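A.B. asks: Chains V and G: place on chain P using the hints.
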Amino acid sequence: MWTFFHRLASPPHFYELANKIYPWIMVPGLALIAYGTYAGLFVAPVDYQQKDAFRIIYVHVPSAYLSMMAYMTMAISAGIGLIWRMKLAHAVAAAAAPIGAWFTFLALMTGSIWGRPMWGTWWEWGDPRLTSELILLFLYFGYLALRGAIDDQSKADRSSAVLALVGAINIPIIHFSVEWWSSLHQGATLVREGGPAITTDMLYPLLAMIFGFTLFFGAVLLKRVRTEVLARERRSRWVQKMIMPLEGRA
Amino acid sequence: MEALAMGDYGVYVWSSFGLTLAVMIVTVWQARNHQNKIYREIEQRLKAMEEVK
Amino acid sequence: MSDWDTHSPSLWGAFRALVRRDLLLAWKRPGDVLNPLFFFAMVATLFPLAVGPNEEQLAFSGPGVLWVAALLAALLSLNGLFLTDYEDGSLDQLLLSPQPLPLLVLAKTTQHWLISGLPLVIVSPLVALTFQMPDRAVGIMMVTLLLGTVSLSLLGSIGAALTVGLNRGNALLSLLILPLAMPVLIFGARTVALAAANDAVAAGIYFLGAYSVLTMVFAPFAAAAALKISNE
Numbered sequence: 001m002w003t004f005f006h007r008l009a010s011p012p013h014f015y016e017l018a019n020k021i022y023p024w025i026m027v028p029g030l031a032l033i034a035y036g037t038y039a040g041l042f043v044a045p046v047d048y049q050q051k052d053a054f055r056i057i058y059v060h061v062p063s064a065y066l067s068m069m070a071y072m073t074m075a076i077s078a079g080i081g082l083i084w085r086m087k088l089a090h091a092v093a094a095a096a097a098p099i100g101a102w103f104t105f106l107a108l109m110t111g112s113i114w115g116r117p118m119w120g121t122w123w124e125w126g127d128p129r130l131t132s133e134l135i136l137l138f139l140y141f142g143y144l145a146l147r148g149a150i151d152d153q154s155k156a157d158r159s160s161a162v163l164a165l166v167g168a169i170n171i172p173i174i175h176f177s178v179e180w181w182s183s184l185h186q187g188a189t190l191v192r193e194g195g196p197a198i199t200t201d202m203l204y205p206l207l208a209m210i211f212g213f214t215l216f217f218g219a220v221l222l223k224r225v226r227t228e229v230l231a232r233e234r235r236s237r238w239v240q241k242m243i244m245p246l247e248g249r250a
Numbered sequence: 251m252e253a254l255a256m257g258d259y260g261v262y263v264w265s266s267f268g269l270t271l272a273v274m275i276v277t278v279w280q281a282r283n284h285q286n287k288i289y290r291e292i293e294q295r296l297k298a299m300e301e302v303k
Numbered sequence: 304m305s306d307w308d309t310h311s312p313s314l315w316g317a318f319r320a321l322v323r324r325d326l327l328l329a330w331k332r333p334g335d336v337l338n339p340l341f342f343f344a345m346v347a348t349l350f351p352l353a354v355g356p357n358e359e360q361l362a363f364s365g366p367g368v369l370w371v372a373a374l375l376a377a378l379l380s381l382n383g384l385f386l387t388d389y390e391d392g393s394l395d396q397l398l399l400s401p402q403p404l405p406l407l408v409l410a411k412t413t414q415h416w417l418i419s420g421l422p423l424v425i426v427s428p429l430v431a432l433t434f435q436m437p438d439r440a441v442g443i444m445m446v447t448l449l450l451g452t453v454s455l456s457l458l459g460s461i462g463a464a465l466t467v468g469l470n471r472g473n474a475l476l477s478l479l480i481l482p483l484a485m486p487v488l489i490f491g492a493r494t495v496a497l498a499a500a501n502d503a504v505a506a507g508i509y510f511l512g513a514y515s516v517l518t519m520v521f522a523p524f525a526a527a528a529a530l531k532i533s534n535e
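Protein chains in written order, with the working numbering: chain P, 1 to 250; chain V, 251 to 303; chain G, 304 to 535.
Okay, chain P solo, but in the shape it has when bound (with noise of 0.2 Å):
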């Protein structure tokens, strides 16, 4: 059993089994997403108070969700490569962070555009959500501006680490500050989800998109993480003997 994520760990397996299982957890997240796509937009009942509106539910929702998972990934594995010093550890961290921001960017937009036909603007600083989604943008650019601008790996590694925990821990913090704000104007119409009761066929798409999300957001994440292992293994002989296998000597 150890032998297995020994061997998982090892780059050259990594990379290979990455590739094995990648269409294995593609496939079942494309297919939740259609199911979910499919039942939210046309099966699931109009809510009584958003109309139809409120079916943007089914992608910010997940998208919000993501983005917080993606930085949950992030900080952990970055943390787990500081402490333990593993390089995929790292890979996995410098892999989800572009993906988590675009996820954060997308629940931005999807928040956006689900507030203005409720509440009659494009942005309503009154949602501590919103609020939050927002700062949690600025972490990831943060981060991902902190690993580009390190050349060394091993020193663009650490020192993103040290950033991705201590956002980690502020986290709360900050969605706590942001609601205490909020909290403090006339309230703003939350964009609560799906209203006063949430019926089974308003929630099962939801259940779905969301696990749909989660398996695309782990299928993309195994790609990025594959190129990070090859490209932080460069110089070693099994790399070079996959990407030139005649290696004869001239």
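In short, the hints are calculated from the structure, not lab data. Everything numeric in this text was worked out from a predicted model, so none of it was measured. Misleading hints may appear alongside valid ones.
Subject to a maximum C-alpha distance of 25 Å in a straight line, what follows is the list of computed PhoX-like cross-link-like pairs (lysine-lysine) [said to hold, decoys possible]:
hint	chain 1	residue 1	chain 2	residue 2
1	V	K297	V	K287
2	P	K155	V	K287
3	P	K87	V	K287
4	V	K287	P	K241
5	P	K241	V	K297
C.D. replies: Leaving out everything else, chains V and G in the frame of chain P:
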């Protein structure tokens, strides 16, 4: 057509879903691009080393 | 010769020595202290000029503007936290010394606060004059700035440690710290606004106090780790 209208909220709903699809495509495309770029870099470096020999 | 001393300074001794040395260095370069202060004063007074003399509007936006100005001034002053030591090699000395690095980082951060945060707090009532702030609010503002600048110096030390020696580290420093400093800005500014409206300010003060303690405990370790990594 009723589906398209989405009770007057069509623009909002469809643009949200469209954006989501776009982001999904971008992330996969970006991952693939990144992979190709690194692969080519390594390949070129190895080729250059071969020629030096 | 002193390397072979059988006694190295006690923790408190080392702390005090480092703070004293940095204060002396800052004394020789008054610009380091004065520039952020001028910046703070300028930003806060430029605002009424740009927005107009409407008193109600000024009183309303005062707390926020002052706090943003304080935040920006703090960011401005953070660049130099480790930079001068990095440039002349004393940073390496610090990294090699027997005292625990987090303690030394805390010493540098304390000194930084003494020359940037504390003067800001002292100068703030003068700047608040331009915003027609009621007296109670001015007092609360000073308390929030006192607690807030401590947190900002501490958070800033982490950012400075991560970016020391990087090209264009300044802009990067601000980008890294800004999201982390959001809770301080939010609670600081809103508490002052509450004070101006004669509302309860206890929650805000407690939060700022708790946050400054939290950062005091964790930031030196994070900054020390970052410093070690940046300086291999």
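A.B. asks: Hints first: check each against the structure and report whether it holds.
C.D. replies: So, going through the hints one by one against the coordinates:
Proximity of K297 of chain V to K287 of chain V is assessed by CA-CA distance (about 15 Å); at most 25 Å being required, the pair is judged to hold. Our distance criterion of 25 Å between C-alpha atoms is met by K155 of chain P and K287 of chain V, whose separation comes to about 22 Å. Distance hint between K87 of chain P and K287 of chain V is fulfilled; the C-alpha atoms sit about 21 Å from each other, no more than 25 Å. Of the supplied pair hints, the one linking K287 of chain V and K241 of chain P holds, its CA atoms being roughly 18 Å apart against a limit of 25 Å.
As the CA atoms of K241 of chain P and K297 of chain V are separated by approximately 12 Å, the hinted pair is consistent with the 25 Å bound.
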